[in-house]
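Undergrad: Chain residues, written in single-letter form:
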Amino acid sequence: MKVLLSGNEALARGAYEANVKVATAYPGTPSTEILETMVKYEEIKSQWAPNEKVALEVAIGASMAGVRALVAMKHVGLNVAADPWMTLSYTGVGGGLVLVSADDPGMHSSQNEQDNRYYAKMAKVPILEPSDSQEAKDFVGLALQISEEFETPVLLRTTTRISHSKSLVELKDRQWTPLKKYEKDIEKWVMIPAHGRLRHLVVEARQKDLSEWIWKSRINHWEIKDRSIGIITSGVSYQYVKEAFPEASILKLSIIYPLCEKQIRLFAGEVERLYVVEELDPFLEEQIRALGIEVTGKEIIPETGELSTEILRKAFSPKEESLFKNRPKPLAKRPPVLCAGCPHRASIYGLKRLGLKVTGDIGCYTLGALPPLSGMDSTVCMGASIGMAEGFTLGNEEYEGNTVAVIGDSTFLHTGIQGLLDAVYNNVNITVVILDNRTTAMTGHQEHPGTGKTLRGEKTKAVNLSRLVEALGVEKVTVVDPMDQEKFKKAVEDSLAYEGPAVVISRRPCILKVKKYSEPYQVDSTKCDGCHSCIQVGCPAISVTGCHVAINQTTCVGCGLCAQVCPQQAIKKVGETSA
Amino acid sequence: MPKVTNIALAGVGGQGIILAGNLLAQAAALSGYDVKLAEVHGMAQRGGSVITQVRFGEKVYSPTFGKGSADYLVAFERLEALRHQDILADDGVLLLSDTIIQPITTATGSAPYPRDILDRLKKKCPRFYSFSAEYKAEKLGNPKVANVLMLGVLSIFLEEILEAVWEEALELVVPPKHLELNRLAFAEGRALGNQLAHSQKVNSN
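Chains as they are written, first to last, in numbering that gives the first Met the number 0: chain A, 0 to 578; chain B, 0 to 204.
Don't take each hint at face value.
[Unchecked claim] Taking lysine-lysine pairs in the DSSO-like style, the calculated list, with each CA pair at most 30 angstroms apart, reads: (1) A:Lys215 / A:Lys183; (2) A:Lys318 / B:Lys2; (3) B:Lys176 / A:Lys313; (4) B:Lys143 / A:Lys332; (5) B:Lys176 / B:Lys135; (6) A:Lys39 / B:Lys2.
[Stated by the list, open to error] Label-pair distances were calculated between CB atoms; the ranges are: (7) B:Ser109 / A:Ile223: 36 to 44 angstroms; (8) A:Pro317 / B:Pro174: 47 to 55 angstroms; (9) B:His197 / A:Leu170: 39 to 47 angstroms; (10) A:Gln110 / B:Ala88: 32 to 40 angstroms.
[Unchecked claim] Stretch by stretch, here's where chain B covers chain A in the computed footprint (C-beta under 8 angstroms, at least three residues): (11) 301-310; (12) 326-337.
Think of the hints as simulated: they come from the structure by calculation, not from any bench. From the three backbone atoms N, C-alpha and C, an ideal C-beta is built for every residue, glycine too.
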């Protein structure tokens, strides 16, 4: 019987069926559910790593020990893991190793839409790209088979539409695969220059062997129909092509790198006009063109965002559109917001009140950059807030004493520690506010080294953040509850006044874990003078009603931030009498 | 190409749209159809505008579909119904669980929440039906089961999926401790849908 699985659930199932023994990841949309599903399979040792680099290194170790390993991350996670990734290509593997990179064309939940296929080309490693959940599952086994046969890591690339779409999958049992017994081999595993030079030759030879194997394996398939148009495509784009042009001839690539030249040439020869349909960059197109084959691609297919059946139809047969489209007035937008009662709101609002420059980071709190809070000046990547705050004050002394870095607990443990170490080492006068909500909230509440629990939910040591930052050499460390705005303000002001790096740990658990603090608050309309100060905290429970404001009694969780903000003391907890 | 049924579920993050989508996709799968469901997690869950698409038929390729191609749009909030209305085909059916959730942009007064949404929807969709699903769900015990109640309404339109199959799908998708309440909500939705179908017949006579 077939079951309905998301691409991510199918990848986990694929790992189970293909005898994976070790699986690691750091959570990141759209890849998070791979490990969350994996943990259900007791045969697999599944664990969260503090970041993607460590996750990959754990997988490399497992592979060296001779077992099959899977490591999963979102596209930008591979930037963090790029260092081991590039050299892993040279060492090759013991047991099969597959790295799942979940790309995010359209940036549903990411800071950029980089095309990670280039990471495979740069590392000279094969890539598999599934086009639905069935392939997602099957390709894990295939990737591990290729990995072991060619002694190479394999990149399995999904996109949001594959990872988060559900489709039917035929399940199989877990298969047995032999252990690739570890034997000491320093020419393979110790990458000093002398060994690296030899391994590079192995990598180049492997590329050629793979290309030959692809031809024989028939893993890429073609469907010759109408010969006037031939389309080379892969991944979810294949589905869009099938839907938009059921009559077209198609070469569907499952292994998209290395390209099998013979296959491309033969297919090109079968059709009158050759097209490439791929999301994001002209990755296939450039390589096909480099073979001297005439091909149409990004001249008509957008290079940004996701594709769709609609986009393809328009791209292939553009109609002249009227200049006047009778556009209605745009509707009020509904961006995501910090939840009612979110402790981040209190921290960001508290910093905004002090009129500070805030270098931000990646997490729910990034939403605090948007109006009405508008409490953040920058967000680049995981951990960037601290180094950037440092550079910002180094670049212009005017910003010294009024710049803070804001970073979540999980993000700090991911790649924030090094930035703080740098500030201590160089004695730079910055304040770092660690928003410690005791979870990895944005991706759906995953555990991390600070929570005291593992992916399996087992108890473990929780890193003590204050002692950790003290150990780095920070001498001014204050732990404060952001919901107490006066204390929070004082903690930040004292830290800013302090000579040298200072850390404020703003600690309050994520509201989605706590659910509710108390009875909801309400507005005394006889006292409310309509100043809208409370509106500026950007709480989804508070809205403007005429001159006054109202608090939604079902949405309000009773955090009381608005009551602290109200200059008229017009906001009281339900049941409390206003004085 | 053989007919594929396209259904969009639209609303606000936190309204249970992912569960509703799973229920629908599961019911279609149990009925022997090829199914695809497209949803987006992550940032979109924090009170943002959310849309899930379900497609079923003999063979489904793309997990998503575009404007003008939905057979049904099940909307869980007024403004979101209007925002996504253009996904409906000309003869598509719009089912609205009629509630208002102010987005941050209108709550802060930086944009207006349109007052004429129902009129605009009526004008644009000849087959538009609206329900006080949350109120009815609350009477059953929890306003959150409005999502399953609305699928009960939808199930009357989807004659190709049998009632018993929906039952089975509910068991697969809903955690056991909430199953009873969700069954009630689904049955309530079916009753509403039946009334609607009946009144339509009367009207056309």
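Undergrad: Would you pick out the hints that fail for this structure and give their numbers low to high?
TA: 1, 3, 6 and 7
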